[in-house]
Amino acid sequence: MSLKRAYRAALLAGAMAIGLVAAAEAKPFRFSVSGDANTLDPHSQNAGQVTLILRQIYEPLILRGKKLEMIPGLATSWQSVEPNRWRFQLRRGVKFHDGSDFNADDVVFSIKRALLPTSNYSIYVDTVADAVRVDDHTVDIVTRIPDPILPDKLSSVFMMDKEWSEKNNALRPQNTREREEMFTVRNTNGTGPYRLTSRESDVRTELARVDSWWGWENKGLNDGNVTQITFRPVGSDATRVAALLSGEVDFVLDPPLQDVARLKQSLRVLEGPEVRTIFFAMDMHRDELLYSDVKGKNPLKDIRVRKALYHAIDSNAIHTRVMRGQSIPTGTFFPPQVNGYIKSEDVRLAYDVERAKKLLAEAGYPNGFEITLDCPNNRYINDEQICQAVVAMWTRIGVRAKLNAMPLATFFPKIQKDDSSLYLLGWGVPTYDALYSFQSLLQSRDGQPGNGIWNYGRYSYAEMDRLINIMKTELDSAKRTAAINAALKIYREDVPHIPLHHQMIPWAMRQTVNTVHMANNQLEVKWVKVD
Amino acid sequence: MASRSALGRLLDSDVFHSFRGNPVVVVSAAITAIFVLAAVFAPFVTPYNPYDLAGLDLNDAFTPPAWTAEGSARFLLGTDDQGRDVLSTIVFGARVSLLVGFCAVLFAMTVGITLGLVSGYVGGAVESVIMRVADVQLTFPAILIALLIDGLARTALPRDLHSEIALYVVIFAIGIANWPQFARTVRGSTLVEKNKEYVQAARVIGLHPGLIMMRHVLPNVLGPVLVIATLSLGFAILAEATLSFLGVGVPPTRPSLGTLIRVGNDFLFSGEWWMTIFPGAALIILVLAVNLLGDWLRDALNPKLR
Amino acid sequence: MIAFVIRRLLQSVLVMLTVAFISFALFRYVGDPVLIMLGQDFTQAQYDTLVSELGLDQPFYLQFAKFIVAALQGEFGISYRLARPVAQLIMERLPATLELSLVAAILALCIGVPMGVYTGLHRESWLSRFFLTISLIGVSLPTFLIGILLILIFAVQFGVLPSFGRGDVVKFGTWSSGFLTTSGLKALVLPAVTLSLFQLTLIMRLVRSEMLEVLRTDYIKFARARGLTNRAVHFGHALKNTLVPVITITGLQIGGIIAFAIVTETVFQWPGMGLLFIQSVNNADVPVMAAYLLLVGFFFVAINLVVDLLYYVVDPRLRVDRGAASGH
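Protein chains in written order, with this note's numbering: chain A, 1 to 531; chain B, 1 to 306; chain C, 1 to 328.
If you are wondering where the hints come from, they were derived from the structure by calculation, not from laboratory data.
Just so you know, even glycine gets a beta-carbon here, dropped at the ideal spot from N, CA and C.
Take these hints with a grain of salt, some might be off.
Partial list, derived from the structure: chain C residues whose beta carbon lies under 10 angstroms from chain A [said to hold, decoys possible]:
hint	residue
1	Q88
2	L161
3	S176
Kindly produce the complete structure, drawing on both the sequences and the hints.
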């Protein structure tokens, strides 16, 4: 073998090896949901489809693990140094995608940016009074009142580069009042595992792996191998499913429920609960209902009527037909993942049409009555279909409910004006604690911050209020749990809502895709492994 | 009197013979008649009233057609996502589709004939204005005009009121998009008739122009109008279906064939094909039959083509 | 000629103003953009500030005048939904719609006209009858149903063509073209076929009836009497005379194609203006909707103007007619 030939062979082998390595390493991942992010500004829109993209690019101080537990992110540790002061130690050696260093100034800048009026993330920093740089890698966050769950909230606030934002005139969160497009709408500079390479709104967004990301070395934090992400939103349900079936996308976050069974035949479907409960709420305040033929009294104030409406609902039929098994029927108003849940209070009133009729007759409505059900038609999974089905079920006991289904843009303003006698609502619990649900949904609306802010039926019950106040202040966890249990018992017995089910959120993907199902319905591509 | 003689001429003429000699047309006419009768008498001919909520059972939902393994003899064409009998929803849906179609065409016809007669007979500035408006409107696709009108109504009317009268809005939207065809044709014929001696004579003896138009001009334009009306009916039914498919048509509480297809479309991949295929087939058959009739009518009434 | 052109131009301006007024009035009160922009929690004060900053509290006519002035400068404001200049968004989407419409129009013409001529010349042949039946089915099938069925067959069942989107595109400045890549061309097939089917059948039927009319004229009879061959009569005389209506029809059909593109783009998730329009309707994105209507209105008026002028050039008889009509 001549030297020349040997050299050539070696060259060839080398080229092949390189080719093989490259082929093994390129792992494209194409995914789709029904709608696109309307901005990529990290603090502008607090909506699921926005954070779905942002969380691949930007990072908060505290990350969420596979079970949504808090894990160190850009902060390596945090502690409450004074009642009103939290101290965060920052990770060293982290770089933004443009190469600049991440340090305390960036944290102070980002927290303050999230506090600005144009931010839609202010609920996560509502108690923050100030953010103070201690040294290059230490930041103090000062709160107006003691806030034990500040770290939980900060896990939703993304960190930006101060210098980059200043240079590009993006000091405030983008808002649409400006007559010009802000730089941050289409440009990003995060610290996360992927960086934006191209973006066409509504059409296609491309992200590429950042090899220098600090987290790749930490196997507990990631076990994905995706090098290239292509995100293409598809609005039509049928087309999105077709794209997945024909292999044009690898992953669909929101497959229509009716297609889950078919998708399961050839694809992988991860099923899991979302921390969200669907229920009917009723006007229990007015002396005469707004949209009803009952004059001079409010039938919903009568517990027998509330129970009758409850007994008339065949929750199993809704579970199997409308939700295709993708729901967990419940007798209470938050799921087991939430602190305070107890199985013994999660009991539904039985489906019993005769009993319902009897209760109605006892209450003085042997022939039923007329009422209007307000229902969103694009907010929760199959919301309008649920309402249609329940309206039909109520008809059987003589309650003639008129269905008023509308888009969320109309629905929420309507119920927020207390302009409803009966409405369907879905309630998620981002804090994973029962207080959030009790305080917002069932406490008397007395003007105190947070009390009954979503209690549009204006339910008011002194004992319930007392128990909720215990939940707020009681430090002894046993006593606090007892208060929650007692409140749940009242919920079951007094029927302030007619609960229906917890939502499930199936994710559909090709067999080659492995990932972790997240109850917050957010995909973390750093955990996606493509075979 | 004049119109009866026109009708008489129609039936006596070889139009009628052409009808009997063409099996496709006879079948189309029969299908159209069946649809119309079924729609009119929907509550009496359907096995169920699909919009009687008390009769619905969610547990019947998604039953496949009767001849399939899991089908039930109770529901010939299966049931939809709420447990309604698909056959019954189709008949009730055809009722809405036909109602919208007929009323829209009637509306377009009334407006078109009136404006066509007036512009043809009166002429002058009136004619110029009417015909320019018609020209301009013809350049805009009817479906876009209907979308516009419907959107306009949605904004102008309060929500509750809108769902009450949505049906009339759709009729108006589709009708208004269609009048120029009628106006143009009627104007053309009117121009021809106007200069004929008998019309001139009627003018000379001082008959009221309205009377002249009604008695002498109108009967002579009825043939082409009938053709356009039939073809427009097919178009109107399709336009309604398209609007409903885009979600801006008739309210979902009174679903038309288009609404049924839109709802069923979500279940096409999940195996509940009957929810969209059957209403779709019904829509196609109905429109096809109407169009075949119109097509034949045009050829039959146009002696030049025979 | 010049007077005619000027008159048509003036009419076009008037039409555009009407369209502008409708598009402005139509969407002035759709939904509540302010609520959508503010998200879930906000105060009444924030709401009011935004209303006044957007100028939504000014009188109607003032808002309209501002709208016209801005529109003339190509300034349609900023999309409520995407927070980007509307003109930019539309420019991004325009190529997709125009390429799709162009292919659909060419398909419709190249298949529709020959079919129309053939069925006109050979009225009784079985192929003509077959074409006619097919065409009737074509006009009787709703566009959206065709699209869904095509996806079901070619994308899901056989997996030969993509079910959505535009494939890879090549950029030329602000223009993006799908004509130059295999995936772009493949992605075009199903939407273009869906969109052209209805227009194709319409064109075929109209050409056929025009042919039938023309073939009956004395002019053709004379030509035949002069002993010209069938071929010369059909293509030299008859077809030439059907040209005028065909031009009109084609012009009108392009308008129809752009309008029906809304439906096709929705079904195929084709990133064109129609999809943008429907997405904007769903989000009460007023500036985009208004701009879309104006632009489409402009297309129609322009097409109509061109058709009118072509008409004038092709058919000398019309010059007399038009003159006479305006003399009234």
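Original post:
Are S176 of chain C and chain A close enough, Cβ to Cβ, to be under 10 angstroms, as the hint says?
Top reply: 9 angstroms, holds
Original post:
Was the hint right that L161 of chain C lines chain A, CB cutoff 10 angstroms?
Top reply: 9 angstroms, holds
Original post:
Are Q88 of chain C and chain A close enough, Cβ to Cβ, to be under 10 angstroms, as the hint says?
Top reply: Result: holds, 8 angstroms to nearest chain A Cβ.
Checked against the numbered hints given earlier, this structure breaks none of them.
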